[in-house]
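Protein chains in written order, with my numbering: chain A, 212 to 539; chain B, 212 to 539.
Keep in mind the hints are simulated off the structure, nothing from the lab. Just so you know, not all the hints are guaranteed correct.
Said to hold, decoys possible - Partial chain A-side listing against chain B, Cβ under 7 Å, derived:
#1 Gly216
#2 Leu231
#3 Phe234
#4 Thr258
#5 Asp259
#6 Ser260
#7 Ile300
Unchecked claim - Covered stretches of chain B, as calculated for chain A (at least 3 residues, CB under 8 Å):
#8 298 to 310
#9 431 to 437
All C-beta atoms in this analysis are idealised placements derived from N, C-alpha and C, irrespective of residue type, glycine included.
2 protein chains.
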Amino acid sequence: MLDHGSGGKKSAALVSEIFLPAFSNAALDTLGDGAVMAGADRLVMSTDSFVIAPRFFPGGDIGKLSVCGTVNDVCMAGGEPKYLSLGLILEEGLEVDELQSIAASIAMAAGEAGVHIVTGDTKVVERGKGDGVYINTAGVGFLRHAGLSPARMREGDAVIVSGAIGDHGTAVMLCRKDLGIQSSLCSDCAPLTGMCKALAAFGSDVRVLRDPTRGGVATALNEFVEGTGLCIELMEDDIPIREEVRAGCDLLGLDPLYCANEGKLIAVVAAERAEAVLSAIQNAPYGENAAIIGRVSARSAGRVLLHTGIAGTRMLTKLTGAALPRIC
Amino acid sequence: MLDHGSGGKKSAALVSEIFLPAFSNAALDTLGDGAVMAGADRLVMSTDSFVIAPRFFPGGDIGKLSVCGTVNDVCMAGGEPKYLSLGLILEEGLEVDELQSIAASIAMAAGEAGVHIVTGDTKVVERGKGDGVYINTAGVGFLRHAGLSPARMREGDAVIVSGAIGDHGTAVMLCRKDLGIQSSLCSDCAPLTGMCKALAAFGSDVRVLRDPTRGGVATALNEFVEGTGLCIELMEDDIPIREEVRAGCDLLGLDPLYCANEGKLIAVVAAERAEAVLSAIQNAPYGENAAIIGRVSARSAGRVLLHTGIAGTRMLTKLTGAALPRIC
């Protein structure tokens, strides 16, 4: 089902029921955004395939996305990304001009992120067996921020988001639906290499990082507390959300907390360093709207709670249902 | 066009006209099967996407192929493969049983090759936007056989092939066409890690390695001599080809020299060590039918010549035309 690719519960079931039993090893089993290969290598590796529709969208295209997505995953695992591989699956009939334009986006994003495309592969499939272009990138880097893990979270830790949420998912859905809406909303697609370099200086006071892509902020936070005795409590009024995202989500029947981001991170940090980390993020590229949005508590083990503006409390579960197919 | 993915002249044009200008860097520009990252890292990286149809074929399936293909590319670049990433693009409707069986093949091949699947990603696309399953793998390893390059070839060097050629391409085409032929022919799909470990002991006496996949032996050898003052002369009678491959190729109008292999390598080696290298290959897994098939000469710069059994000489060019779409 499409839902197996949505980044929610069914995706998690595929991983736990099929892939982990088949491939289990120490690096894979941590289920981070990227793998940290223990031992002297200190390598970090991650991969993503990109099947986004449409492949050109406000704020980016599949090429830029395919660099930022993987670079950010290497960063979230504590790595400094250095090398990318690039695998293209082209559908017969794709225009060479379009491929050229996607290649230019890839080159520009790789330049900004400081990574080299060192190896690649191109396959072509018949018309009707693809959708223009699918891209896979794998990224390799070296560990510079060791030990990032949800297991390091403690009661009282602060939860920081690096900027306004839901931009990517909402912008792509709005442009896909062709609703005839004039919107200035753009995807937030961007490499977080600079921001993560700044975060590395805080060492173990940064507990864990995650970029909330498919499944959004709510799903990422659920993955943090899953299987722990901890709870994450969010203050709805503190979560930065653009007006255009609110309006777009209302129109589309979506919730920004479940919409994909492609240039944001969530950091859980020690309470006493929260303001310092926040300020470091705000001074890093793409971090100007960062905010502390919640705290780690022991109120309800394994749960994410949202305190709403009207003094209510709502439980946020993982994404269920393919709300947003082919969003990345 | 489909031909842009066939591994022949049009594939090479995509690389030289679009990808190299956009992404140029020292590791990429060598255009080997994998990239060697110079400097202290001594990393080797390669990637391939797999779109083979049908996805189950005699001797393997897309899962086994996706491990062997990338592992072998890392080996050809002189690396000892250690880590693989796995990116799946599934078409809505693929049976979970089938995915499970592909995952089992991947795990078995990875085990034999001595690599760990450390990171992965799954996307699902709508019916009619894929073809069951496409797989990308990227492989990372450490350099153990430095300096492999066509630039190291010298007049008099021997050309060795590690076994009978054309098995993979012919087996897949025969089973695809559903010609109702009873054939015992299987793909040669296999990891060449053991063989390459043995070859590393010969150091710079092994000039260059390549696994002749898309485009076959003829295309790979053309890539070796391209832009050099050297020629490769092959003795047709010395090239190991199974009877079933000869018969199948006759029937399909194919030439085994242009058919894909997925468990064979070509090694160009110093003349004085040729017999020793041959014997090492023959004693390694999958090498029992290895043979010396030709020599490097200065007879005709940049050309590959085939001396036929009837004392004629034929020039072998790179593959042109999409003889074998979606063969890997």
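Evaluation of the provided hints:
Annotation: A:Gly216 was flagged as interfacial toward chain B, and the flag holds, the nearest CB pair being 3 Å apart, inside 7 Å. The restraint placing A:Leu231 at the interface with chain B is violated, with a minimum CB-CB distance near 10 Å, outside the 7 Å limit. The beta carbon of A:Phe234 comes within 4 Å of a beta carbon in chain B, closer than 7 Å, and the hint placing it at the interface holds. Given hint, A:Thr258 at the interface with chain B, holds; its Cβ is 4 Å from that chain's nearest Cβ, closer than 7 Å.
For A:Asp259, the shortest C-beta to C-beta distance to chain B is roughly 5 Å, which falls under 7 Å, so the interface hint holds. With a least beta-carbon distance of about 4 Å to chain B, the hint placing A:Ser260 at the interface is held under the 7 Å criterion. A cut of 7 Å between beta carbons decides the hint on A:Ile300: the least distance to chain B is about 5 Å, and the hint holds. For the segment 298 to 310 of chain B, the stated coverage by chain A is satisfied: 7 residues place a CB nearer than 8 Å to a CB of that chain, which reaches the threshold of 3.
With 0 residues bearing a CB less than 8 Å from a CB of chain A, the segment 431 to 437 of chain B misses the requirement of three and the coverage assertion fails.
When the structure is compared with the earlier hints, violations turn up for hints 2 and 9 and for no others.
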